[in-house]
Amino acid sequence: MNAAERTIAAAEHERRWRTFTARPLHNVHRARLQACFDNLDLPAATLDAMLAQPRLRERLTRMLERRFALQPLEALHAPAAEDVPVATLDSAQLRQLARRCGVVFWAEALVREIRAPAVRALREHFGDALFELALAEHALACPLASHELPASLEELDAVVERDGQACVNAWLAEQPRALAAWYRLKIDDPAAATPITPRIEQYGPMIVRRVVRSDPPTQGGMHE
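For the record, in the sequence shown the residue sitting at position 73 is 73 according to our numbering, with numbers rising by one throughout.
Don't read these hints as lab results, they were simulated from the structure.
Computed from a prediction, not measured in an experiment: that's the story for all the values here.
Among the hints, a few may not be true.
Stated by the list, open to error - Simulated DEER-style distance windows between Cβ atoms: (1) R112 with L40: 47 to 57 Å; (2) L40 with A11: 34 to 44 Å; (3) N2 with Q53: 43 to 53 Å; (4) A69 with A3: 38 to 48 Å; (5) Q71 with L153: 37 to 47 Å; (6) R112 with A52: 33 to 43 Å; (7) R66 with L149: 44 to 54 Å; (8) A4 with Q34: 42 to 52 Å; (9) N2 with R67: 40 to 50 Å; (10) R55 with D128: 24 to 34 Å; (11) R55 with R112: 50 to 60 Å; (12) A75 with R55: 19 to 29 Å; (13) S152 with T7: 18 to 28 Å.
We put the beta carbon where it would ideally sit given N, CA and C, even for glycine.
Model the full assembly from the supplied sequences, consistent with the hints where possible.
Next comes the structure, spelled out in structure tokens:
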């Protein structure tokens with residue numbers, strides 16, 4: 001990357017971070033917003049109406065900070081430039097990212113298969129985009145012994161889901177605590193976090209940063 005490209009990238013990272021901090025509720029999972037109201041089961045339409053009003057958004061932001069012992073997001077330092085593209089994803093994009101990371105982590109299981117019927121089955125199950133991502137980023141995959149390869153497509157899908165989320169969790173574990181607390185609000189159930197194994201700790205954060213840079217998730221998720 002030359003000097004001009006670095007300048008453009010830095011400006012884009014700054015823009016994304018400003019947008020993220022200006023609209024903190026945009027990135028919070030609905031279940032976390034609902035928790036601010038204790039036992040009240042607010043309809044989705046009610047939350048939507050609250051999020052549509054600036055005055056109520058401000059109040060809900062303060063409620064969220066108290067509920068989860070958060071520091072005001074606007075008072076925190078921005079993360080490292082390489083982490084801004086991950087940090088500013090919304091809930092839906094974060095789920096997409098986790099599956100992409102899982103496919104890369106287990107790319108060895110996909111690229112080792114050479115039988116045409118099995119390759120077709122893998123492409124049909126994961127889709128061409130994820131299969132091509134596994135091929136393109138195979139160098140980042142966790143090395144696997146033959147006995148570690150899943151015995152079936154169903155087993156492979158399960159470990160892709162599990163370890164993809166674990167890769168995201170490993171990235172989260174590297175972030176400053178105050179920022180990570182905000183990022184975790186994007187996850188449906190942070191208490192049920194997938195454990196971080198030594199191999200996930202080694203490969204996960206690198207995979208997350210690479211995947212979000214080379215194959216960013218599409219727009220989606222909540223809106224304010």
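Item to check | Outcome for the supplied range 47 to 57 Å, where the beta carbon pair is R112 and L40 | outcome: Holds, since R112 and L40 (Cβ atoms, about 52 Å apart) stay within the stated range.
Item to check | Assessment of proposed distance window 43 to 53 Å (beta carbons of N2, Q53) | outcome: 45 Å, holds
Item to check | Supplied distance hint 24 to 34 Å, evaluated on CB atoms of R55 and D128 | outcome: 47 Å, violated
Next on the checklist: Is 38 to 48 Å respected by the C-beta to C-beta distance linking A69 and A3?
Outcome noted: 42 Å, holds
Checklist entry - Is 18 to 28 Å a correct range for the gap between the Cβ atoms of S152 and T7? => result Cβ of S152 to Cβ of T7: about 49 Å, so the range 18 to 28 Å is violated.
Next on the checklist: Between the beta carbons of R112 and A52, is the distance compatible with 33 to 43 Å?
Outcome noted: Between R112 and A52, where Cβ atoms are some 50 Å apart, the hint is violated.
Checklist entry - Quick one: are R66 and L149 within 44 to 54 Å, going by C-beta? => result 48 Å, holds
Next on the checklist: A range of 19 to 29 Å was offered for this pair. Does it hold for the Cβ distance of A75 and R55?
Outcome noted: 21 Å, holds
Next on the checklist: Tell me if the beta carbons of A4 and Q34 are separated by a distance inside 42 to 52 Å.
Outcome noted: Holds: the Cβ-Cβ distance is about 46 Å, inside 42 to 52 Å.
Checklist entry - Has the hinted range 40 to 50 Å been met by the Cβ atoms of N2 and R67? => result Taking Cβ atoms as reference, N2 and R67 lie about 46 Å apart, which means the hint holds.
Item to check | C-beta pair R55, R112: status relative to the range 50 to 60 Å that was hinted | outcome: Once the Cβ atoms are compared, 57 Å apart, the range 50 to 60 Å for R112 and R55 holds.
Checklist entry - How does the Cβ-Cβ distance of Q71 and L153 compare with 37 to 47 Å: does it lie in that range? => result 44 Å, holds
The structure shown violates the earlier hints numbered 6, 10 and 13.
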